[in-house]
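Colleague: These protein sequences, in sequence, are chains A and B.
Using my numbering, read the first sequence as starting at 1 and increasing by one per residue.
Using my numbering, read the second sequence as starting at 1001 and increasing by one per residue.
Read the hints as simulated data drawn from the structure, not as lab findings.
Some hints here could point you the wrong way.
With a straight-line cut-off of 35 Å between C-alpha atoms, the simulated DSBU-like cross-links for lysine-lysine are [what the hints assert, rightly or not]:
hint : chain 1 : residue 1 : chain 2 : residue 2
1    : A       : 66        : A       : 241
2    : A       : 241       : A       : 190
3    : A       : 73        : B       : 1140
4    : A       : 190       : A       : 66
5    : B       : 1326      : A       : 66
The following residues of chain A were derived to be distant from chain B, with all beta-carbon distances above 12 Å [stated by the list, open to error]:
hint : residue
6    : 10
7    : 27
8    : 53
9    : 127
10   : 133
11   : 134
12   : 146
13   : 190
14   : 201
15   : 205
16   : 220
17   : 236
18   : 244
19   : 251
In this text, a Cβ means the ideal position worked out from N, Cα and C, and glycines have one as well.
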Amino acid sequence: MSDEVVLEVRNLTCRFGGLYAVDNVSFQVRRGEIFGLIGPNGAGKTTVFNLITGMTPPMHGEVFYKGVNITSKRPHEIAMLGIARTFQNIRLFGALTALENVMIARHIHTRSGMIEGVFGLPPAPQEERAIRQRAMELLELVGLADSAEMQARNFSYGDQRRLEIARALALEPELLLLDEPAAGMNQNEKSALSAFIRRVREQFNLTIVLIEHYVPLVMGLCDRIAVLNFGQLIALGAPEKVQNDPAVIEAYLGD
Amino acid sequence: MRLSNQSLQQYRRLWWFASRGLAAAALVLLITAILTAPSGLQNLFNGLAVGSVYAIFALGYTLIFSILRIINFTHGAIFTLGAYFTYFLTGASVGFNGLLANQRLPFGLPFPIAMIGGGLLAGLCGILIERVAFRPLRNKGADPLLTLVSSLGVAVAIVNVIQLLVGAEIYSYPRNPFGEMPAALNLGTFGGLSQRPVVIRTIQVIIFAVSMATVVLLTYFVNGTKIGKALRAVAEDATTSSLLGINTNFLISLTFFISGLIGGIAGTLVGLSVNVSGPYFGINFGLKGLAVIVLGGLGDIPGAVVGGLVIGVAEAFVPSEHVAYKEAIAFAVLFLVLLLRPQGLLGRAAVQKV
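Just chain B, with the same shape it has in the complex (with noise of 0.2 Å):
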């Protein structure tokens, strides 16, 4: 019994240099080919911009993964509601369409505090529908499947009020939100590196630092708090933990609002960088932010940063003139992974319960 566990760990060991080692080399070939390609640097930057929306969209599916193990589907509805609550807090008025035509609020906030604003707004949303489409479930001890489609039916309603009460026309917010700062960022032309020159946009850098501070937020709230303690006993066993005193549904309503925080936000900011493209505008990231979460590690938090940058930068480099297989090389990305680490990129391995 000792012996093949010795020897189980031998095998772990040699598993674990050779897996590091093949990684590292794929990573300095990876490195290699973006600083020597035209645009290498172009598209690398454009891909992490494009990769930290996608992260920042599937923080808010890992963080409710991770406690009721399920997808919530109604993250990119949110994400949706954010973007409208802000526009609406900075006293903009609806468009021509839907029930609220013309419609304004009396009073305008600045931008950012619409944000946090918006923010707050979507993070009860999430309340509500964990109240609404989750907990009545959850008491009746339903399928976590039933749960899935409930929240679908949940994020096809909310589409459908949004596009009721304000249409679906496209809504900007107004230009240079944060003071007056440049649009992008030029970075010049690297010496012989790359013949063109590099160029950031402002709004994509702050999206970058946004996600970044929000996972290493989480990170520490989920590992180095006591309510993140909690959480993870709930994770781990809702029933043991309520019976040491811990009040589950509180704790799963705080993962609700928290969740939809981050969602609401993060649709401000995307919807800065792109615009508000209707009632499906937050929708449109449900599927790619399930890649997201799968190929980082389902419920890993930094897992799901990693995940969405390393889509962002595979679509990146997909030639412009092959776009349209921009989805196809994302989702080839995982599952090639997925063949080598089914339990995703930071994930741990399934421990096999006897």
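So here's chain A without its partners, still in its complex pose (with noise of 0.2 Å):
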């Protein structure tokens, strides 16, 4: 892990109605690191993921990606900036098959322009046998290559899972946003999962910051930990720590 700062968040507020789902949270998460963002339900944290992503805009507040600010800019161009998320209700493309899921999201690394494309003149074939070669590595690294040509809605829900993290994996993202990628896994596929996102980590050089609720998961895995309450950052730092904070305890054993 080094120094470098890859994300920040500077004084993100967001409101719906009149609720703050987001207020004025800060943090900063560094180069290589996995970055867990935990809190009771409700408390902000898919919002903070929308937040970083453009998919919501803040009423107050900046988010800076490799010291740039990325605030105002579309979600297309953040993830074209190398910031790749999945999804607390999965969100697969499910008509199209595993392997067509993944390629999509090569696409955007190919170089042919648009009139290539349009018209499928060469290189664009060439370019195609490319991006499906890679998008099948990728299937096969989350253990799904056997299944490549299955429709996406037919996938169990761990392996719709890791479809999702493959997915997110084909953008050659810098910083994985994982929303609850635990969720709905079975006791196996949850153990297995700590080591993966670990590999994952080692072999794309990717930062994570991930959301969940399973804590051995997050307490096993996660460098640093920022707890969110009712919109608030409540603690940050290192597992043990936040594991002790009397706020921390407050928020999950409280009144």
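Hints in hand, dock the two standalone chains.
Modeller: This is the structure in structure tokens:
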């Protein structure tokens, strides 16, 4: 882990009606880190992801990615800068095959222009083969290569989560945002997930921010943890420090 | 679980064979009826000609529906605009009414080039309409139904602007726009099958050919190209697509441009066939176009063409003394098909999301 800050959110605030979903939240994520974002239901964790990826515009505050202010950029521009995410409620293209799901994300890395793309002129077919091959490698990595031609909607819940990660990796991100990657997974899958996330970080040189409810996973995996409650950041630091923080215990156990 | 799945598959296979068999039998009966009726062949050709107009109109609807899941009611107005643009690009003069009465462009283009120019201008209008009537609502997350209403409003506005600028009179294109060609082809009497000679107008053949070519190109574009694949992704989930680096707004603009281009060229060709009858020229196809895409299967590109041809042919077989019931027949066909196949002729059955 280096000291270089990959992601910084500064005074991020987002209000839905009268409710502060995210209230003046600031934190920094350093390169190579696995950063956990935890908190009770409705604490604003997913909203933070939506603000970072440009899906929801913030009321106040800024998001910096590698020192560049990306607050007002559009989602597809942010994706092209190298931020990929998965969703709490899985959002795959259900009617497309697993392979097509991953290939679509690869397409932004192709060089051939729009005109060639439209008419399918060379060198598009050659590139198409390269895209297909890379997509297959990613499916292999998440263990879904055998069902590459199956429609995404027919996968089991755990497999859909893994396919979503493969699709996010296809963007060649530097920063990967995982929204509850363990949700809906069985115990075996959950215990394998930790090792998988670590391996992915090494292999792709990633910085990872993850939202998770499953405490053993978070405590064992994350380098640092930020705790949100009612939209506010109530604790930030190493897992053991956060675990014993009175404010955190209060938020989870208090009335 | 597995067992019930299997029996379900068996049932599906049985139903597949039974339905194909029934459809084939109906088709054979229909063809026999057409060939033996007194002017069956002539009716068939007339029907295909009218049907291909419906089809090419409906393709514009279908393209946008397949991406945005809304009916773009401005398509009829764009169709009209295309016809007018072509007319003025040929250097012809505005009529005696409207603010632009008796004006004309300082240049005149040869007809085929004017037609393409008209199509391109109609496509640009499509982009503009998307910006004004669709995008603001989409950005605010409005219900698609509201977009439908706003597109209806824009359609009415365009019709009125046309009337204001160039009046409501009939405009006709020059004769022989594509060089010297016979006005019609006489196919003879086909032996004993039909007593009267079968005649097809050249322009009808052209419209038929253009709509067939369009459907082939569009199908290739959507299924065979990179942009087409991105479009399908946007159709399924625009938000997720944008998070994968797909510029959804650009692709939606492109869709409106292509839809407008096809609509503009279609408007010109239909104008050649029946004259540009005034500002409501294209709007009149609106309801029929809707029937066509519902019949063919919403959002299905080949379905729009099949639906158009079926309705066109069904109408053509209405005897001339009962011509007032033509529309009723077309919609009765629609009703019957939907009873048997609610997803339309070529549409895929909706898959229930769990």
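Colleague: If you check each hint against the structure, which ones fail?
Modeller: 5, 8 and 9
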